[in-house]
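Chain order of the listed sequences is D and V.
In terms of our numbering, the first sequence opens at residue 1 and continues consecutively.
In terms of our numbering, the second sequence opens at residue 1 and continues consecutively.
Honestly, I wouldn't trust all of these hints.
DSS-like, lysine-lysine: derived pairs with alpha carbons at most 25 Å apart [said to hold, decoys possible]:
1) D:101 to V:565
2) V:249 to V:269
3) V:318 to V:565
4) V:426 to V:413
5) D:26 to V:318
6) D:101 to V:556
7) V:569 to D:101
8) V:556 to D:26
Label pairs and their in silico Cβ distance ranges [to be verified]:
9) V:322 to D:96: 28 to 34 Å
10) D:45 to V:507: 34 to 40 Å
11) V:272 to D:19: 56 to 62 Å
12) D:49 to V:22: 49 to 55 Å
13) D:77 to V:474: 30 to 36 Å
Hints in this document: simulated from the structure, not taken from any laboratory.
All of these numbers come straight from a predicted model, not from anything done at the bench.
Beta carbons: idealized from backbone N, C-alpha and C, even for Gly.
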Amino acid sequence: MPPPKPHDDRVHSEEFLHTLMRRQLKLSITCAAAFLVGLIGLPLLNYYAPVLMATRVGGFTLSWLLLGVLCFPLVWTISWIFIRRSIELEDEEVRQVNAEKETR
Amino acid sequence: MNAMISLAFLNGVDPWIFTFSLVTVVVTVWMGFRSAKTSKTASDFFVAGRSVSVGWNASAISGEYLSAASFMGVAGMVMAVGYDALWYPVCYACGYLFLLLFIAGPLRRFGAYTIPDFAEGRYDSPLFRKIAVCFVLFIGFFYTMPQMKGAGTTLAYIFPGMPYWGGVVLVGAVITLNVALGGMKGITLVQAVQYWIKMFAISVPVFVLMSVYGFYGAHLGANDGRMEKLAPQATAITQTVERHPLVEKAPADTPWISPFGPLTTKAAKAAGLSPEEARPYSLVYTYSLIIALVCGTAGLPHILVRFYTNPDGVAAKKTTMWVMILIGIFYVFPPVLGVLGRNLLPELYAATGSKGTDKVVLELPRVIGGLWGSILSGITCAGAFAAFMSTFSGLLVSMTGAMAHDVYGRILKPNATEAERMRVFKLSAVLIGGVAILLGTQVEKLQINFMVGQAFAIAASSYFPLLFMSVWWRGMTMAGAASGMLGGGLPALACMTVVNLSDMGNLDLKSFWVAHPLLRILAEQPAIWAVPLAIGLMIVVSKLTVARVPADIRMKMLVLHAPEKLGLKQEYIQEHQAGMGH
Numbered sequence: 001m002p003p004p005k006p007h008d009d010r011v012h013s014e015e016f017l018h019t020l021m022r023r024q025l026k027l028s029i030t031c032a033a034a035f036l037v038g039l040i041g042l043p044l045l046n047y048y049a050p051v052l053m054a055t056r057v058g059g060f061t062l063s064w065l066l067l068g069v070l071c072f073p074l075v076w077t078i079s080w081i082f083i084r085r086s087i088e089l090e091d092e093e094v095r096q097v098n099a100e101k102e103t104r
Numbered sequence: 001m002n003a004m005i006s007l008a009f010l011n012g013v014d015p016w017i018f019t020f021s022l023v024t025v026v027v028t029v030w031m032g033f034r035s036a037k038t039s040k041t042a043s044d045f046f047v048a049g050r051s052v053s054v055g056w057n058a059s060a061i062s063g064e065y066l067s068a069a070s071f072m073g074v075a076g077m078v079m080a081v082g083y084d085a086l087w088y089p090v091c092y093a094c095g096y097l098f099l100l101l102f103i104a105g106p107l108r109r110f111g112a113y114t115i116p117d118f119a120e121g122r123y124d125s126p127l128f129r130k131i132a133v134c135f136v137l138f139i140g141f142f143y144t145m146p147q148m149k150g151a152g153t154t155l156a157y158i159f160p161g162m163p164y165w166g167g168v169v170l171v172g173a174v175i176t177l178n179v180a181l182g183g184m185k186g187i188t189l190v191q192a193v194q195y196w197i198k199m200f201a202i203s204v205p206v207f208v209l210m211s212v213y214g215f216y217g218a219h220l221g222a223n224d225g226r227m228e229k230l231a232p233q234a235t236a237i238t239q240t241v242e243r244h245p246l247v248e249k250a251p252a253d254t255p256w257i258s259p260f261g262p263l264t265t266k267a268a269k270a271a272g273l274s275p276e277e278a279r280p281y282s283l284v285y286t287y288s289l290i291i292a293l294v295c296g297t298a299g300l301p302h303i304l305v306r307f308y309t310n311p312d313g314v315a316a317k318k319t320t321m322w323v324m325i326l327i328g329i330f331y332v333f334p335p336v337l338g339v340l341g342r343n344l345l346p347e348l349y350a351a352t353g354s355k356g357t358d359k360v361v362l363e364l365p366r367v368i369g370g371l372w373g374s375i376l377s378g379i380t381c382a383g384a385f386a387a388f389m390s391t392f393s394g395l396l397v398s399m400t401g402a403m404a405h406d407v408y409g410r411i412l413k414p415n416a417t418e419a420e421r422m423r424v425f426k427l428s429a430v431l432i433g434g435v436a437i438l439l440g441t442q443v444e445k446l447q448i449n450f451m452v453g454q455a456f457a458i459a460a461s462s463y464f465p466l467l468f469m470s471v472w473w474r475g476m477t478m479a480g481a482a483s484g485m486l487g488g489g490l491p492a493l494a495c496m497t498v499v500n501l502s503d504m505g506n507l508d509l510k511s512f513w514v515a516h517p518l519l520r521i522l523a524e525q526p527a528i529w530a531v532p533l534a535i536g537l538m539i540v541v542s543k544l545t546v547a548r549v550p551a552d553i554r555m556k557m558l559v560l561h562a563p564e565k566l567g568l569k570q571e572y573i574q575e576h577q578a579g580m581g582h
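From just these sequences and the hints, can you work out the full model?
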């Protein structure tokens, strides 16, 4: 297998890949953390504050309202933010690479 | 003689329910065949999909995702065990978000249509493809069982004289034949229409029932334990909604509506622990369930494929946003039917198997009575058909593809002719369909949603670690990936098989479970140990075989993560082909 021809531009540098992956992972982890806090926190609230979570809100228990109804808008908000941010991130990366190509 | 048998079957059949269901089946089969004529090969299917708009595509993805578990199982389980079952719909939706955040984008850029494709491409290893493909079959069979239960339950409801297994065999045979004859490929249009049928069929009865019998909150509010404490005349004053008396087998109000109820405390209760002692066990159960459902979505064999039917990355992301909204709205409704079912149709608690709570979605609209009750019940039956038919055929296509393409085409007979391949595809479809039907007839006692949860748990402990680690960690080797996938997935599979066999009564482990409630929980919900085990094995084995990290890993990682507009994928394919000497 002949060695692939070496690239010396920025796109193929170790540094570019590193920044790229780090930025994307950071965005994903931030968004995941936002919904994991809710998803991990709710059982803990149920465990440590059962009386509070059994409070009735319009017939629903607080816990039922949070999990069965309000969870979905939270998921929508997070995915909307993620999608908008990740499209911005990609556009920015493309712009940077193209700008550097022109200056070379 | 034949006429007499068919007449006996039709005895007691509601004409409206029968008509709605029949129309759904006929339209689905007809649309499948019509579209199959215009798109013959797999690549045709993907190319055809690329001309589809964001709205249709989002409906199609949602249509494929909502199975019998979402349509019938969630409501049935909420009715049976209450609050604890709410984690299922919520985590099905959250799982999709998890897939979007970590896996969908990179896999789309890499251009791998299926998980075995990705496994081969990421490690340049046809061998690993063969290992990875096994789990398509494992997860697939676990996922087809609940669809078959849905089919058996629905047919037993439509035809009161029909035994459970009869419905499973009939529906299974129709779909299997349909797939074997080439209809029902994953056609975008069919799946999209199926979504709207399901959405219509779940939301309209909910609105009608709520306008007649009271709002969601009012019905939950009636479940406040008052019925157990006070005399009937006292409840009549405060009761805002009509409520039928609960039967003996139904769980009491307080455990039903509170967290850590009948589902998660079952094992600890069987062991004779007090409610206080049982709570930590319930917490473990809940977390394990959450991990299984959230991580498992990413590893379902038939879900990822649809991400490629978008023209570009931006359209793919917009589509995903719409999918989140479409499935999110859908998942609000089934629990409502479960709650209403508890108050209006408590008789279902007394029955088991296909006559039990899993059919609440189908039967509940009938409490309205008269013509409208029949029509609404017919609508939910049509939705149920749409649910298990679309998912079962989607799975059957994936599994048959794996069997015919990977097992036969690559392992058994690599140089088979096109005609031989076609014949094997049909043969595999019949074989796999037959096994799925056989398995389906055995699981009448198990809840639909519970079984789907198991399929998710297997996916979470095998494919999810594989995808997640391969995408984000460049140090992974093929040996690490394979040992993690097998080391996490197979024990999880074994544990759940044992649990199912013992629940169906084929294996007598009752006294063992009573003595070891924690083991029972960890075997029933294995994700909490299987996912970390798989990831741990991947890291350790990859570190040991560090010399075997693919040589062009930097390029692979670039293709996975760099924006598609930079055109790195084309470059990678050219270099790869030059390097491999193709």
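Do the hints match the structure? See the list:
| no. | hint | in the structure |
| --- | --- | --- |
| 1 | D:101 to V:565 | holds (14 Å) |
| 2 | V:249 to V:269 | holds (16 Å) |
| 3 | V:318 to V:565 | holds (17 Å) |
| 4 | V:426 to V:413 | holds (16 Å) |
| 5 | D:26 to V:318 | holds (21 Å) |
| 6 | D:101 to V:556 | holds (22 Å) |
| 7 | V:569 to D:101 | holds (19 Å) |
| 8 | V:556 to D:26 | holds (20 Å) |
| 9 | V:322 to D:96: 28 to 34 Å | holds (30 Å) |
| 10 | D:45 to V:507: 34 to 40 Å | holds (38 Å) |
| 11 | V:272 to D:19: 56 to 62 Å | holds (58 Å) |
| 12 | D:49 to V:22: 49 to 55 Å | holds (51 Å) |
| 13 | D:77 to V:474: 30 to 36 Å | holds (32 Å) |
Consistency with the previously given hints is maintained throughout, with no hint failing.
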